[in-house]
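Engineer: As a plain string of letters, each chain reads:
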Amino acid sequence: MSESIDQIFVRMKQWLLSPFANAPDWLVQVASSLINIFALLAVFLTLFALMSVLERKILGRIQNRYGPNRVGPFGLFQPVADGIKMLIKEDIVPMRADKIVHFLAPVLIAATAILALGIIPYGRGMTPFTIDGGILFFFAVGSTTELAVFMAGWGSNNKFSMLGAMRAIAQMISYELPLIITVLPVVMIVGSLTPDAIVAAQDGYVFGFVPRWFVFTPWGAAAFLLFFVSGLVESNRTPFDVPEGESEIVAGHMTEYSGFKYATFFMAEYIGMFAITGLAITLFLGGWHAPVRALEFVPSYIWFFAKLGGLLFVYIWLRGTLPRTRVDQIMNFAWKFMLPMAFTCMVAAAVWHYAGRGLRGWLWSFVVIAVAYTALSIILDTRKKFARRTYRFAE
Amino acid sequence: MSAPFVIISILTLAAALAAATLRKLMHAALSFAVAFVGLAAFFFLLGAEFVGLVQIFVYIGAVAVLIVFTILLTRRDVEKDRGFNWSSVVVASAVFGGLIWAIFKTQSVSVAAPEMPVLTVKHIGEVLMTGYVWPLLCVGLLLTAALIGALVLVMEEKQ
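Quick note, the sequences are listed as chains A and B, same order. The working numbering applies: residue 1 is where the first sequence begins, and numbers increase by one. The working numbering applies: residue 1001 is where the second sequence begins, and numbers increase by one.
Think of the hints as simulated: they come from the structure by calculation, not from any bench. Being a predicted model, the structure only gives us computed values, none of them experimental. Some hints here could point you the wrong way.
Stated by the list, open to error - Here are the computed lysine-lysine pairs in the BS3-like style, where the Cα-Cα straight-line distance is at most 30 Å:
id: 1; chain 1: A; residue 1: Lys99; chain 2: A; residue 2: Lys159
id: 2; chain 1: A; residue 1: Lys385; chain 2: A; residue 2: Lys336
id: 3; chain 1: A; residue 1: Lys99; chain 2: A; residue 2: Lys89
id: 4; chain 1: B; residue 1: Lys1105; chain 2: A; residue 2: Lys99
id: 5; chain 1: A; residue 1: Lys85; chain 2: A; residue 2: Lys57
id: 6; chain 1: A; residue 1: Lys159; chain 2: B; residue 2: Lys1024
Next up, chain B with everything else stripped away, as it sits in the complex:
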């Protein structure tokens, strides 16, 4: 366990904890963004530069902004204190337990990590365009459908 790992872990966990416990919804959303940055830092630490950059790009540039806007546009009482919600604790621990169970069930953790070649963006591009081209196209189709759906939703109705 190296020093950077410990530092990043503490920061990420603290941000995640803050996101769960902070009173103001907007503060929680912003600390959630900090937790995203922490995750990206983990990817960098593992040498997965591309994934880390995409993590920042997608999760800070798009998802965090989306969350923030959703809060802003839907809640009229952003500042209101909601009190403690026990049902969410149940859901959260159920998800946590399920994930832990899945992680301990898998065989890949016990196998020693194979010697990794230096992974460049070029390799990732080649793999995406050959072996994983169908999943890539399916995701593209899904996103296009979502985009068109959003456009249809906001389109002005003709009188």
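Excised from the complex, chain A in its bound form:
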């Protein structure tokens, strides 16, 4: 029973493909890809709509107000109203803008964001596109985003846009290094760049109850935190939203976009967030595996999306609580802390592997991480040392 519910979407696809049984090979391939694409778009655009309203509601809660609650039950139809508003807004293109580049930027940014979704395993046998170097594909596609952001900034022919694009590219390039280097330990331990193999390597339990997820090893926990922070930066979210910085440079590279083009940028940001969170789940949080053996009857895709929901909540939570960092703080943090720590994760993973992947390895790799972290914190501590405050008249 639970087996058939787990495989319901796979079966559905097979059933949809059954009329093509006698068709030529390429036709089956095209049909299969189209089904995957439509499923991906349907799921993630719905999730985007849901996320946009939930984010506003949760932010409202954090700031002690209601958030959207007028359209539909609990304000759930707010995204529909927003979508209609965006669609019927006037599309303004500045007179001195580079028309073609200005138009192509949102198209490119949305395309790259959606492409990255394709390699993530959403459930047992539910990877839309299985390619050998899946992880590499993710980052290859992700690196194209920088060019799209640049096109948006340059094509608008506006100082604010250009400044925003410069800021975005600077922080994206800086944080791409820790982002990729924190993936390397996982690739080293698993010995594969295929997302399915990485998820399969996290199957089973240690001592019968701790899941074999990489986040439960010291190097995995450190790498997960670094990856998550780098993901925050890559998706330009608070506290790293200086490229938008609405109080300083209007809206960065999106300043000159209105109506549906602006909505496309907004959508690409969220889809990119889903993709990077999905990759974090695949790499460190066991993909679609259940956390407890007793709960393995729950379908795999439900576990994946539950983890996704949990991490997305953290994104919203951070946005509601943290102020924006300065540009120089972001850069210093990337090069002086994130990068050395990412390399330390690699060393710690190697130590873990050669000390037998057991309790001894766990302790040794913990020691490596702790030593590196303490040393870095002491070296990088630039706070002024104040003398102890003394009171002359009050006691």
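Position chain B against the provided structure of chain A, taking the given hints into account.
Structural biologist: This is chain B only, laid out in the frame that chain A set:
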């Protein structure tokens, strides 16, 4: 000659031609990036998945961004029309002729392609870490030197 090959060839050649002829320097740089994508598509067509991905990763993610930034930071007259430059035509045809000559000189084109095993990332990694480990380390050293050089260039001078 398959249909995908023809389509990708036309797109790549058109992008390359656009990169050479477009008036605005920035448009030329962006069409150059499209030509890079076309090259990556050729690698995919040949079954060299890894090389194709690295092509996109390095050439779009790094080289194209570098070119674009170089134009932005060095030229004050990005929009200015530079007219036709005959010396560049000479250089371009010389490079083209040299490459064509080298391609026709080599023996490997006339030999039939050997039966290729399915090349996975794992094989490439193993070969890089055994047979080609010295070239790999040399490239790493070179890149590190370039990185340190860049850091030294932009370092603030102590008063």
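Engineer: Each hint needs a verdict: does it hold in this structure or not?
Structural biologist: How the hints compare with the structure:
{"no.": "1", "hint": "A/Lys99 <-> A/Lys159", "verdict": "17 Å, holds"}
{"no.": "2", "hint": "A/Lys385 <-> A/Lys336", "verdict": "21 Å, holds"}
{"no.": "3", "hint": "A/Lys99 <-> A/Lys89", "verdict": "19 Å, holds"}
{"no.": "4", "hint": "B/Lys1105 <-> A/Lys99", "verdict": "46 Å, violated"}
{"no.": "5", "hint": "A/Lys85 <-> A/Lys57", "verdict": "19 Å, holds"}
{"no.": "6", "hint": "A/Lys159 <-> B/Lys1024", "verdict": "19 Å, holds"}
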